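> If you read the protein sequences in the order shown, they are chains W, U and C. Note that the numbering used here gives residue 398 to position 398 of the first sequence, counting from 1, and the numbers run on in steps of one. In the numbering used here, each residue's number is its place in the second sequence (first place is 1) plus 664. In the numbering used here, each residue's number is its place in the third sequence (first place is 1) plus 840.
Any given hint might turn out to be false.
With the Cβ distance kept under 10 Å, some of the chain U side facing chain C (calculated, not the full set) [unchecked claim]:
(1) A738
(2) S739
(3) P770
(4) A772
Note that these hints are calculated values from the structure, not bench results. Remember, it's a predicted structure, so these values are computed and weren't measured experimentally. C-beta atoms are modelled at their ideal positions from N, C-alpha and C, and glycine is treated no differently.
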Amino acid sequence: MAAGRYFHCGAAMIAELGLAALWLAAALAAMQLALAALGVRRVTRAPEAENSLTADILGAVRPVAIVQGAVAALAMAALIAVFLRSDMSVLLVAENSHSEKPLLYKFAGAWGNHEGSMLLWVTILGLAGGAVAVFERTLPRVTLIATLGAQAAIALGFYAFLLFASNPFARIDPAPADGQGLNPLLQDPGLAFHPPTLYVGYVGISVAFSFAVGALVARDVGPAFARAMRPWVLGAWIFLTLGITAGSYWAYYELGWGGWWFWDPVENASLMPWLAATALLHSVTVLATRDGLRAWTVMLAVVAFSMSMIGTFLVRSGILTSVHAFAVDPSRGTFILALLVLYIGGALALFAVRIGTVRAGNTFDPVSREGALVANNLLLSVILGVVLIGTLYPIVAAGFGVQLSVGPPFFDKAAGPVALLLVVVMAAGPLLRWRRDGVRAVAMRMAAPGAAFAVALLAVLAFGGGVALLQLLGLALAAGLAVASVAPLWRRNLLRTPLFTWGMVIAHLGIAVSLAGIASESAFTRQTLVAARIGEPQRVGPYTVTLDGIAPTIGPNWSALEAHLSARRGGATIRLRPQSRFFTNPVTVTSESAIATRWDGQLYTVLGQADGQGRVQLRLWWKPFVTLIWLGGALVALGGALSLAGRLQRERRTRRRSAEEAWA
Amino acid sequence: MKGGARLWLPLALFVAVAAIIAVALYRPADRTVYSAMVGKRLPTFATSPLLPGKPGVVSTAFADGKPKLLNIFASWCVPCAAEAPQLMALKTAGVPVVGVAIRDTPGAMRDFLARGGDPYVAIGDDKASAVQLAIGSSGVPESFLIDGDGTILLQHVGDIRADDVPDILAKLAAAK
Amino acid sequence: MKRFALFALLASSPAFADSNLPPAPLANTQLRDPVQEAKAQALMVTIRCLVCQGQSIADSDAEMAGDMRALVRQRIEAGERPAQIRDWLIARYGDYVTYDPPFSLLTAPLWIAPLVLIAFGVWLARASFRRRGS
Chain W
1 MAAGRYFHCG AAMIAELGLA ALWLAAALAA MQLALAALGV RRVTRAPEAE
51 NSLTADILGA VRPVAIVQGA VAALAMAALI AVFLRSDMSV LLVAENSHSE
101 KPLLYKFAGA WGNHEGSMLL WVTILGLAGG AVAVFERTLP RVTLIATLGA
151 QAAIALGFYA FLLFASNPFA RIDPAPADGQ GLNPLLQDPG LAFHPPTLYV
201 GYVGISVAFS FAVGALVARD VGPAFARAMR PWVLGAWIFL TLGITAGSYW
251 AYYELGWGGW WFWDPVENAS LMPWLAATAL LHSVTVLATR DGLRAWTVML
301 AVVAFSMSMI GTFLVRSGIL TSVHAFAVDP SRGTFILALL VLYIGGALAL
351 FAVRIGTVRA GNTFDPVSRE GALVANNLLL SVILGVVLIG TLYPIVAAGF
401 GVQLSVGPPF FDKAAGPVAL LLVVVMAAGP LLRWRRDGVR AVAMRMAAPG
451 AAFAVALLAV LAFGGGVALL QLLGLALAAG LAVASVAPLW RRNLLRTPLF
501 TWGMVIAHLG IAVSLAGIAS ESAFTRQTLV AARIGEPQRV GPYTVTLDGI
551 APTIGPNWSA LEAHLSARRG GATIRLRPQS RFFTNPVTVT SESAIATRWD
601 GQLYTVLGQA DGQGRVQLRL WWKPFVTLIW LGGALVALGG ALSLAGRLQR
651 ERRTRRRSAE EAWA
Chain U
665 MKGGARLWLP LALFVAVAAI IAVALYRPAD RTVYSAMVGK RLPTFATSPL
715 LPGKPGVVST AFADGKPKLL NIFASWCVPC AAEAPQLMAL KTAGVPVVGV
765 AIRDTPGAMR DFLARGGDPY VAIGDDKASA VQLAIGSSGV PESFLIDGDG
815 TILLQHVGDI RADDVPDILA KLAAAK
Chain C
841 MKRFALFALL ASSPAFADSN LPPAPLANTQ LRDPVQEAKA QALMVTIRCL
891 VCQGQSIADS DAEMAGDMRA LVRQRIEAGE RPAQIRDWLI ARYGDYVTYD
941 PPFSLLTAPL WIAPLVLIAF GVWLARASFR RRGS
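Next up, chain W with everything else stripped away, as it sits in the complex (with noise of 0.2 Å):
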């Protein structure tokens, strides 16, 4: 028992340190808790009645919630500092990393598996706590404790499930001499980055839980609330877009096959928080602005943390099959079942007792930019529930003992239809009132977005040959939305409009781009699979791709083979490598493509295998303006910063102004 314990001294202490650092997190957490709700019942039982100990019981909150995120960051290094060490008597290193792995991906590895993205969770989970405690100034002060109450709430279920059921810090004795190696799959710089930034998106939208909960429990459902609450949701928003977009890029140039979205349920699992994290984003603003869609606001923002909550829980229980999936017991399954039962029924719960109770927002016209923004809000939320329902008919099914698959060919019959209506519907809303408007008014102001739609779609059923229906409108609504977004700029000066209306241009130019981009890769690809012989050409799309040679190769832990490509296009010549490695550690092939990209689009090129004959396999794709589509993500994210900028700068001039004139 001890044994190997002692071979390591200086290193035994970090793992202990880390797991120290986990149960005085979640000591934290129960404290924030009760202080919370302590000082949260006294005010509102007795506002006036209010003496020095309940001003002491609040006060204390926020600094136990930035403790609590610093020491649960402190938890986190140590498990990272373990893996950088390979220290082989710590079971989780032991089951998912290696010696020899390059630096890089043993910082990785440390959240590569269950228990260690766990703890990236929580640790996410109380820096963004700790963060509010830190940034929020302009909450009233009841609202924010019981947010920060809330979120420890949240925070502690995901420690007791970490301490009593996904230990990353558990031993092994004796230690191995050597680990069992990372999936050389996730070796790969990009995917070393997407898990991290798609958790601080996943567990930054908790934030806007935590405030509807506060919300909902000192009743003050308002303006200010959406005002406090926008830059969190904005900044959770911004991650999970470029989670999402860099996950489906690295799935792209890394499984070899060209396809870049399968909805698969883990998948699908991403792609929930973030419909709903977009129908909140919007809902905030009309909350803020015009003081509408209170129950929306509030119920949208408890579904986006909601569903990340499911998504976690879908991936880890082993209930759906998935390239992607954790291989976890069902033991810890029904853990994270019952906090999600326990967090998600509370929530919803507190929702139906306590807002009849809020006082009703202002209503609106149904033309109207509020009435788009109830559009946009159902649309995304129609097109929510079609990937679940998707997503875990196969489950149900299975209940009444059928077996079937739900797979590419329904969603995107059935979401693409919707996400199509919302596009237009994007395009329309910036262009209209508020409160209320005309529908010939509108009709005009869409004369040019409409032209454009016009012109696009002639131009593709005249040179784009046989283009399927949702392919070609997915085209024309493209060319319509991104004549749209750019319209609120018209007739304005453009270095005096605000950065949040640049945001809101940019974002929605975003998603006009990535559809663009979407629609042409599904109806312009050109794909060519050959066994090649050395030296003869082979067509795909306008290149003349030519096969030189083979040649074998070596990397940090793998050997590979080759092979020397040359691709012609009118005059120039590219150079492509594609290869064919093996790993040791454990035995895998994997295919590395070789992708040139040109303004147009990419050539995309995988070595498969030898037939024995002198020949070998290739397979060669022409992807016309494919790369539109994370490039239209990154437009999106873009729009969210440049507004979330917007929002942060007008607010520290409203305050600098409110100081100036409590002086004046």
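For this one, chain W is given, so just place chains U and C on it according to the hints.
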């Protein structure tokens, strides 16, 4: 604010979803893919012999009135070697064991039979998994009980274990 | 000689339970007629690989997926319609083998869901709108 019963709808929906998930968790789905051809007539196929001296397998041979065991296997499949003793036991009990070898070569098959014994009355050569796809098999080894008319009675996925043998014998005896 | 050795290396992947035989002729080769190939490709992305963790036969390196691709291409070349081939596969493996769930009593809720959700949402949203003339 209006709402009433509507406000409880989200909670009700969530409880439904949680119930679905809980059921799935406690009754983990069987991930095995079963053939949908059980109970139907054996589809038409013909395979050439893999080894000289042992006939190939054609579907018409199954409608001769005698129930048989159709074994989908391969020499490169590890569990197939594990079920060889059980197949020999079935052969001794008088059951005609017909084999279809998936993506196999004569040399490897000879070694395989030398190691584990040869219970097969015929071995068909299925280099492109055609027979496998035609009867709804999705892996090796799998065994199908075929009755005298050529109807598929039963599919056994995976290798045959010692305690499966009596059950198979009983089912074949009951069929005719 | 060296080139042959390299080709040989490529031909033998570390086998777990693989046959080491080369893939079927049409598994990784396209049909000569581009229209037929497009039909085959469109069908293949909707057929599930039976031995994989959630991939279509078009996206999988598994041997059986290759054999299924060869089957699809062969039949399309022989003139069969994609729907016929899909039905043939469903007769063998059940609805599990297709990613496009056929419309039936069991899958009706799935396919009607988008319409039901939109209708429901519109009904919910009516509460937010101002009554005209109130």
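> Against each hint, give a clear statement of whether it holds in the structure.
Quick rundown of the hints versus the structure:
1. A738: 6 Å, holds
2. S739: Result: holds, 9 Å to nearest chain C Cβ.
3. P770: Because about 12 Å separates U:P770 from the closest Cβ in chain C, which is outside the 10 Å limit, the hint is violated.
4. A772: 9 Å, holds
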